[in-house]
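K.L.:
Letter by letter, the chains look like this.
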Amino acid sequence: MHPVEIILWVPATAMVVLVFIGNYRLGAAINVIASGVTFVAGAALLFADRVRTDIFIIDDFNIYLVILTTFIGFTTSIFSATYIGHELETGKLTPVFLRFYHALYQAMMGAMNLALVVNNVGLLWVGVEVATLSTVMMVGIYRTPEAVEAAWKYFILGSVGIALAFFGTILVYLVAQPVVGEGLPAMAWDTLVKNGAGFDAKLLSLAFVFLLVGYGTKVGIAPFHAWLPDAHAEGPTPISAVLSGLLLNVALYALLRFKMVLAANGETLDVGLIMIWLGLISLIFAAFMLYRRRDIKRLFAYSSIEHMGIMTFAFGMGGPLANFAGLLHMTMHSLIKSAIFFAVGHIAQVKGTQRIAHIRGLSVTHPVLAVGLALGVIAIAGMPPFGMFLSEFMLVSTSFARQPLLALALVFGLVVAFGALVLRMQDVLFGEPSGPTGGVKASYLPLFIHLALVLVAGLWLPEPVVRWFRAVATQLG
Amino acid sequence: MSSLQFDVAHFLAGGMLVLSLLLLYQDRILATLNVFAAQAIVLSLAVAWQAYVQEATHLVLTAAIALIAKGFIIPTALNRIVHRLGIHREIEQVIGAGPTMLTGLGLIALSILLVMPVQVGVSPLAREDLAFALAVILLGLLMMITRRNAVTQIVGFMSLENGLILAATGAKGMPLVVEISVAFSILIAFSVFGVFVFRIRERFDTVDLSALDRLRHERRHIS
Amino acid sequence: MAMMFEVAAQGLQMFLVLVIAPLMLGLTRKVKARLLRRLGPPVLQPYRDLWKLMHKEAVLAHNASWMYRVAPYLLFATTWVAAALIPTYSTGLIFSWSADIIAIVALLATGRFALALAGMDVGTAFGGIGSSREMLIASLAEPAMLLVVFAVALIAGTTQLSAIADHMIHGSVGLRVSLGLALFAFVFIAVAENARIPIDNPATHLELTMVHEAMVLEYSGRHLAMIEAAAALKLTLYFSLLVCLFFPFGMATADKSLAAMALGVASYAAKVAILAVLLPIGETAVAKMRVFRYPIFLGSAFATAALAVFLLFVSQGF
Amino acid sequence: MPAIIGLLCVAGFLLVAALAVAIGRRPAGSLITYGASLVISATGLITAFVALVIDEPAATLALPLGLPLVGAHFRVDALAAFFLLVVNFGGAIASVYGLGYGRYEPSPLRILPYYPAYLAGMNLVVLADDAFTFLVGWEFMSLASWALVLAHHRVAGNARAGFIYIVMAGAGTLCLLLTFGLLAGPEGGHAFATIRGNPAQPTVAISALLLALIGAGSKAGLVPLHVWLPLAHPAAPSHVSALMSGVMTKVAIYGFIRIAFDLIDEAVWWTSLIILAIGAATAVLGVLYALMQQDIKRLLAYSTVENVGIIFIGLGLTIAFRANDMPVPAALAMSAALLHVLNHSLFKSLLFFGAGAVLHATGERDMERLGGLVHRMPQTAFAFLTGCAAISALPPLNGFVSEWLTFQAILVSPQLPQLALKFMVPTVGALLALAAALAAACFVKAFGVTFLGRARTPAAQNAHETDRFSLAAMFILAAMCLLAGILPGVLIDLLAPVVGGLVGGRMPTQTTIGWLSIIPIAASRSSYNGIIILVFLICSGVLTAMVIHRFATRATRRSAIWDCGYPDPSLVTQYSGSSFSMPIRRVFGTTVFDVRERVDMPRPGAMRAGHFHVKIFDPAWRFAYGPAGRAVLDLSNKFNRLQFLTIRRYLTLVFVALILLLIVVAAWR
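Protein chains in written order, with our numbering: chain L, 21 to 497; chain U, 799 to 1021; chain E, 17 to 334; chain X, 2 to 670.
Keep in mind that the hints were calculated from the coordinates and are not lab data. It is possible that part of the hints are untrue.
To be verified - Computed, partial: chain X to chain E, Cβ under 7 Å:
no.	residue
1	R104
2	S108
3	L110
4	P396
5	F408
6	A421
7	M425
8	A438
9	G449
10	S528
11	D564
Heads up, the beta-carbon is just placed ideally off N, CA and C, and yes, glycines get one too.
Turn these sequences into a full structure, and let the hints guide you.
P.N.:
Here you go:
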């Protein structure tokens, strides 16, 4: 059985099983095991042969994304085990909902894997859709008014986005059909890219606009971002971690695949410029939004918007270096942001609040958590020796040499966001301690594994990774 | 293809568009539901016609889904909800009918402007359909943003989906997987809608989203 | 042998300035007194004062630190060394190159630093006033001084005093308006640095007006003697600096024969004597200034010196 | 070889940092950490010295780390060796001081791990030979020092200091990143070798230079980018303050020199105007601010700003001379700047150590609450006095030598062809003289108010002498100040390869000149001999003292203060620091930083106390940073409304955006 099938079947079966598991310990254990197996299978893709059928495709682009997704899914499931246990004790969740929580978790993982490995724009769409719907459920799972509102907002905006993306997909088919012929090939990545040159540029541009708005809503770039902060803030923290770490990536992956087609065509509207501007808007908007945040999870949700903006900027800028930087940034952001949410989740649990104003002097009361958060924020703020500095280094330097003014805008946004993040972090870490100082039942492992990986990536990027990124970067044009 | 086939398809698609415009300016919920049902029926006809034209039998299934689900089940269900919530007499529109209609016409013009120049390979029928479908989609979106009431918003969203299906069926030989996904998505969508509507109701005794907005205003100091 | 001679020549200059310093002081006082229709102390009075002060026992405040006792000697030493390094009667003495004019100004600054600290050592209000005002004056005077140096160095192409003197004597300097301006500025600076009217009044102990005197208020005995001697030396130093920069004529330059030396000594004595007469005449013509008008006084010096420099660029665009 | 040892030092520092996390809480932890840091820095010091003395071709080293496809490059040429010397000497001496001072630290875990990391960062910056490694080291240095600034995070104002510091550091780093982006080009040839290989166009070179001026200048503390410095440097523990002021600003200057003289190979004359103006403004404003301070550590920090300004004046002159290819004067100016780099690192560390000793002995940083410490802590007082004299540019100490050389370089300026420079440079020289004089006033105040007079508070009365390690560190530095002052020729010759590598010229060889005096350009122009001056001073002073004691009298009587017959016993009527600086405040303050003085004097006979308020505004805050901060907050408030829209409005946003994009597509072709 090929690993590709494993990473799809394991979550599916696990989902079905978990629906019937009442005991939360058992459920969590199964969740962890299933995610672990999925991760192993994902890693096994490295050694399995690259498939390229009408349904599945494994190439340089999605192989590392699959590994990243399954890995973060695994670590998050470990984190979620302890986290959810605490939620049960405090009575925020009941076992009934917990069943659905775990089932939906697997559903989401499976859907994302599907979206990543399929070789068909339609199935990709299905995958993203399922992932969205399952996350919608999980965001609403606390059933507090805020949670319901967040989920509702997420659902409405998400559905509209999905619908627009679907229209874009149809348009892509319409564009491809005369050239490629009817049937599956007209929706397969490889054939699309291969025959991209012959497509009608006008219709292709139109298609990409709809895809940009549709999947852009998922990516969370402004002004399509509105669902993102609340969904992150009100849902369970593991979901926030997965949303920021994975779902946004998957949506961006879809966009990039389509951008490859456009790059192959070459005569379309210059979507790069549109992406650059959307990215800048997201970056600067989010950077300013960071200052007024009082809820720590919402704070980092906005920082996700900011970083998605940076990536969009990078891919819009194009060229081997900028694309390389974008891909690296994508990876680093997933790892760091999920790590930060791990830390934030535990902090919110020990302090019993998500309000920054009520969390003070963490470095005195909970040094380890404080160090974790500090390292995470330093990393997400793009400071060495962490990997995000590497990507921002490449992006800023290359884009300043090519588009000085746009690069200056980028740098401006980076500085503003940096200030806000550091300001809030200092508020939380230093000063007279406040709030409960009790011990914390937390699994630091996922947090520090992520940080260690990011640290290593910042100092030394393994050769194969560099090779993949360069290959993809050239395809992205 | 013969001009008759073309004209019929054209007529049906145009009819959907007209119904969308009607939908847009309805201000009573029940009427809105009825118009939506009518649109769904026209849609099913259009799809059926496409099935006949393209000799694509699987499209009949889609037509049936459209007819049954959107033509009858969903409107009646919504009707129930509306009555149960006792909002069937509500009259609500955010922007005045006039501006809305004008915007709608503008959107139609834009969609035609967008699709008409496309020449290469795409059959004229598909192109016409595409123009209308795009218009229907945009109008649905417009309807969503001009309504305050959850039910009417749902209706807007679903008329948007109608446009999607029109476009999908217009695309010659698009694999079945897509229709399935569409139906699938709409089912999911509707179930989730229902879940949410009920949950919202049990919390706020209304599906008027402004309740959520009120809640938000209370929460300004938190976030 | 030549070595011995050179060292002797340097030593002669060293003691020449030391010996004539109190005389300069006495001369100025005498002339000033005459101008004020007073009889005035004899010209040699400063020597007697110093002698007497040296033999008195020194009275120290209980909380006076070692700083307080070292400062007078440091002040004296720096002033003396600075004065000894300025060519008086002959250029090109053996140690003349060990400090140029900037270094000499800096040496005076070292002495001032020590004295200002000493003024603050005991912790009285007067000492503080004196030190603070002294530093103010210095901070205003030094930029102007540097510009004067700049002007002269531009003309002579060096900051080496004896080289400047040589250049002024032999070189075809001629009469330069810049030199005149520089001289003007230099005189202002010298007046300020030596705590003379209108900046300061060496003869008063009126609290609000005194600067230098306030600093040394607590001193007595041999320490005071050192400070007085240093003041006299400083006056002489500025005289001979003025002479060396602007009127070096008569110095022994190339030939180091005894005759030339003697001529140099004579001309030097005459020139400083004239200055010692001119200074009090100027002093009696003006009145003491308020502390906060110093910036205007020294600012004018600064402006003049700057003008001197810029005119040089205009006149002979280097 | 030197590169390898340097890297090993960096690794060693990092290991020590990791070790410190483990053993920080133990009583021995501080000793071990500082001891190890001392050993490692000493190794680096020796390596750098050897590399500088035997100047063989630059040692390079490339590792497959860091930037992909470029790798991490390391290189120790003469310039790097010199700055490694400065950095590691500072590190070693600070470690010696820390051996004693670190014992008083209440929460060692907030200092011990970051201290070696900080040293590692600074070493890495100097070793780096590609942009990425350089910036990694640079930012690592900032981060470690930021952690150290926040070590005492409960002290009021420290959090703010840390925040402003790290934000400005980040912005500066981004500026440097832009610089490298320009120099490396869109293909990203970020290895310095590559950048040297293909010289940039003039416009690129100029903009890169100015960006580097901002980026490195913000770290070095150039006005108006200095605002973080007087907040952050005093907040850190004193030995770290010494490192930040004495060494880190030098690393920043190294960065500027590396970019402006090594990576950018051509000089444009009018850029020197900018640098000279900024340098002069920095020097004067820095020392004026310093004069207005009450907090002794903040005073020292501001005086660091001044000295950075002096160094940049030297660098500006170098560029001016280089642009008109006059190698020898360029070499003179550059030597002056580099010498001042070394000197300042010496006496500024010394002064911060002294301040730290005072802080530990009295718990006070406010000079107005000190006084009379010369009796309580005589050795500290003596060392501190040496430092004060040195930083006030008094012969025969080292501060004077570098400023004298700068003046000599200024005196060459009339040979420059451009008229603008002809007029600019003398003005700069006058400002430099002003700065020097004000510095003297400033340190008379610092020493006089802190150590002299009578103790103003019980804390000052009960002060005690500090520990042996601290004293050792201070006296070593004091001795170095004197040596560097009387034997500058040796240092200048040591600098010759550095300068030669940068400006392609050199000063005349000094050590061969008779009597060990120094000659900037030619003996006929000017020369200076510290030794002879020192000998003369000692001879004449001691001679006179002996003569008087021998032939006149040595009798001394202790008595009460005379004070014109009206001695005031109360301690507070002494001349205070603020009253000391009042005249200068009156003269310069009103124009430079609009000082608001308010006197509230009760009428005669009224029994209430009189009040005197002084408000001093830093124009940089008033006109640049305050408005900027407010603007950011205003904007964020405006944007923040978008957080609270209704779902419908959000949908409208999406809709409008979609329509706009569609219109774009429709309009296109």
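K.L.:
For the restraint on A421(X), tell me whether the closest CB of chain E is nearer than 7 Å.
P.N.:
This hint is violated: A421(X) lies away from chain E, its Cβ roughly 11 Å from the closest one there, beyond 7 Å.
K.L.:
Are S528(X) and chain E close enough, Cβ to Cβ, to be under 7 Å, as the hint says?
P.N.:
S528(X) check passes; min Cβ-Cβ to chain E is 5 Å, inside 7 Å.
K.L.:
Does the closest beta carbon of chain E sit nearer than 7 Å to the beta carbon of P396(X)?
P.N.:
holds (5 Å)
K.L.:
Quick check on the hint: G449(X) CB to chain E CB, less than 7 Å?
P.N.:
This interface hint holds because 4 Å falls under the 7 Å limit.
K.L.:
Go through the hint on S108(X) and say holds or violated, using the shortest Cβ distance to chain E against 7 Å.
P.N.:
Violated, about 37 Å.
K.L.:
Grab the minimum C-beta distance from F408(X) to chain E and call the hint holds if it beats 7 Å, violated otherwise.
P.N.:
With a closest approach of 6 Å, the F408(X) hint holds.
K.L.:
Should the hint that R104(X) touches chain E count as held when the rule is a Cβ pair under 7 Å?
P.N.:
violated (29 Å)
K.L.:
When the nearest CB of chain E is found for D564(X), is that gap smaller than 7 Å?
P.N.:
It holds, given that the least Cβ distance between D564(X) and chain E is near 4 Å, below 7 Å.
K.L.:
Tell me if A438(X) is really an interface residue toward chain E, meaning its C-beta lies closer than 7 Å to one of theirs.
P.N.:
Because about 4 Å separates A438(X) from the closest Cβ in chain E, which is inside the 7 Å limit, the hint holds.
K.L.:
Take the shortest C-beta to C-beta distance between M425(X) and chain E; is it under 7 Å?
P.N.:
Violated, about 11 Å.
K.L.:
Taking the least C-beta to C-beta distance, is L110(X) closer than 7 Å to chain E?
P.N.:
violated (41 Å)
Against the hints set out earlier in the document, violations occur for numbers 1, 2, 3, 6, 7.
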